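Undergrad: Chains A and B, in that order, are what the protein sequence lines are. Using the working numbering, read the first sequence as starting at 1 and increasing by one per residue. Using the working numbering, read the second sequence as starting at 1 and increasing by one per residue.
No lab work stands behind these hints: they were computed from the structure. All of these numbers come straight from a predicted model, not from anything done at the bench. Please note that a few of the clues may not be correct.
Heads up, the list lumps identical chains together, so a pair's fine if it works in one copy or across two of them.
As the list claims (entries may be wrong) - Straight-line alpha carbon distances no greater than 27 angstroms define the calculated DSSO-like cross-link-like pairs of lysine-lysine that follow:
1) K54 x K267
2) K259 x K276
3) K26 x K276
4) K21 x K267
5) K267 x K26
6) K82 x K26
7) K276 x K30
Number of protein chains: 2
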Amino acid sequence: MQNQIKVGVLGFGGLGQAAAKVLAPKQEMKLVAIADRKGYAYDPAGLDGDACAKIYREKDSVGYLESGGVLSNNSIQDLLEKADVDGYFLALPNLPNTFMASVARQFIDAGWQGVLVDALKRTSAMEQVLAMGEDFKGAGMTYMAGCGATPGLLTAVAAIAAQSYAEIHSVTITFGVGIANWEAYRATIREDIAHLPGFDVEKARAMSDAEVEAFLDKTNGILTLENMEHADDIMLELGGICSRDRVTVGGIVDTRNAKKPLSTNVKVTGRTFEGKTSTHTFTLGDETSMAANVCGPAFGYLKAGVSLHRQGLYGLFTAAEIMPQFVK
Amino acid sequence: MQNQIKVGVLGFGGLGQAAAKVLAPKQEMKLVAIADRKGYAYDPAGLDGDACAKIYREKDSVGYLESGGVLSNNSIQDLLEKADVDGYFLALPNLPNTFMASVARQFIDAGWQGVLVDALKRTSAMEQVLAMGEDFKGAGMTYMAGCGATPGLLTAVAAIAAQSYAEIHSVTITFGVGIANWEAYRATIREDIAHLPGFDVEKARAMSDAEVEAFLDKTNGILTLENMEHADDIMLELGGICSRDRVTVGGIVDTRNAKKPLSTNVKVTGRTFEGKTSTHTFTLGDETSMAANVCGPAFGYLKAGVSLHRQGLYGLFTAAEIMPQFVK
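Please construct the entire structure, taking both the sequences and the accompanying hints into account.
TA: And the structure:
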């Protein structure tokens with residue numbers, strides 16, 4: 001199909017593989033490139049996400065793919081030089097905290113021009129990419145920040161919900177995540193553990209799978225997260241909606257049950273021009289998985305980013321300031 | 001304050017007066033112009049909304065305002081020629097159905113360049129302004145369509161909520177409106193009556209206040225609206241989210257009670273990439289009035305429209321494709 005958006009996915013763990021599945025039926029987008037730590041796969045005619053996932057599971061890299069696979073220790077760099085891609089979804093681990101910014105820097109250094117979309121979670125990680133806004137602009141890149149579920153979907157709804165109020169008192173995001181098998185989301189679970197008392201990003205990242213397993217045994221597979229460092233706060237502050245201290249994020253992750261322990265929701269409380277205090281509530285359907293709520297918005301923002309890029313609008317934008325576009 | 005957005009409000013019934021109240025505490029916007037059927041008021045230093053409302057209630061036109069008031073049978077035309085305004089909120093009656101488009105045409109014919117925001121409700125009325133998209137573009141105008149509560153706030157949230165799904169089955173908007181005194185919203189109530197079986201826009205518009213009163217006596221002040229012709233449908237279709245027949249709008253209006261008869265909500269049901277059917281729900285706080293939920297978004301979209309206009313982005317945009325900006 002002509003004018004299809006040529007999409008790349010960086011990182012091919014649970015999130016990257018789900019992204020490939022989300023893309024498969026889309027008419028407006030075509031998955032042409034995937035990179036993981038040990039290699040990449042590129043096919044201008046389109047990659048088969050299922051075949052790529054199979055190879056990745058068997059051999060730990062899409063670089064082993066027979067047609068289009070290349071093993072490389074500089075997979076992103078090498079892919080960038082070779083591939084014709086309109087936009088990349090950065091489905092990369094959030095750890096270390098500097099990782100996303102360092103990958104984005106590689107794109108700038110390579111002179112690449114196009115759209116990048118992240119689903120970053122931590123405020124401090126987002127501050128690093130926010131600081132690169134002028135660099136993206138100068139490089140002719142359009143960078144879409146915080147475009148997953150939270151930050152992303154829920155932040156954007158909060159930004160709209162805020163419109164009913166003269167002043168915002170609080171934005172409270174509470175998420176429930178249920179995953180049948182934590183090993184499908186190893187990086188995500190470590191990122192969650194890093195938010196717990198007694199842990200930090202380095203400590204969580206250094207945990208072996210056995211250590212994670214042992215830790216989860218003690219909590220019955222449940223992670224209860226409060227007052228998390230989450231970039232929804234800085235995105236809503238940048239959008240002029242409220243100061244970051246009025247934004248709180250917490251949730252419960254069940255690593256042994258696909259059923260959500262609670263319904264993910266965001267509550268926006270404020271004062272109307274008439275002096276009334278009230279709360280708007282947005283609640284996600286329990287049947288929607290983390291993967292659906294992250295990858296759907298990410299590609300919606302990628303499509304919006306491509307529109308901006310084609311109009312010559314470069315720089316960094318967040319999910320709280322741009323409306324995602326529905327990808328057919 | 002420098003760089004304040006200079007705002008005009010066309011129409012000064014219940015909605016226009018609420019708009020003036022919403023604007024009063026804003027630092028980023030200044031109300032400088034108001035027009036009603038019989039006159040206008042203009043003051044580059046800013047109008048006092050309360051004083052304007054008082055004059056309007058007493059004498060039926062802001063044209064009687066001592067400082068800046070002008071009586072005119074061509075109030076919009078005359079105001080346009082005289083006033084320096086960045087953007088107008090069209091707080092005009094939705095009836096007759098061609099009214100909004102004819103007002104927008106006046107702006108084009110006058111060679112005016114700036115931002116217009118409407119809170120149109122009917123699909124057929126919106127089709128008329130949509131058809132003028134190229135005219136707005138050629139005239140150097142940025143027209144923001146469907147930017148109230150519904151269409152507007154709820155449509156925008158639906159467009160974001162849709163991102164979790166591969167396909168949208170239905171978008172269902174159900175509103176509850178409670179107003180203590182229907183006479184404060186005479187045009188709005190007639191518009192609602194026009195949706196009822198046995199009525200149309202001409203018939204409802206022709207009703208005297210006494211006839212409306214008598215009709216409401218028979219229903220105990222309650223209007224129950226089903227399968228309404230509402231432009232949310234065409235906006236979501238244009239946004240590529242779903243075909244218009246999957247969008248339904250209905251609600252209950254209590255014209256004798258400020259308390260809402262039900263909580264206004266939008267439900268977005270779809271199928272995820274994993275084949276699950278689910279529903280996201282956005283519910284407005286009961287304490288938020290129709291005025292808060294219409295005027296807040298309208299000015300949020302006006303601010304967004306001014307940003308677009310300053311970037312040279314002209315033409316027509318809907319609330320489902322542009323993120324509103326929070327007005328401080």
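Undergrad: Return the numbers of the hints above that this structure violates; sort them in rising order.
TA: 1
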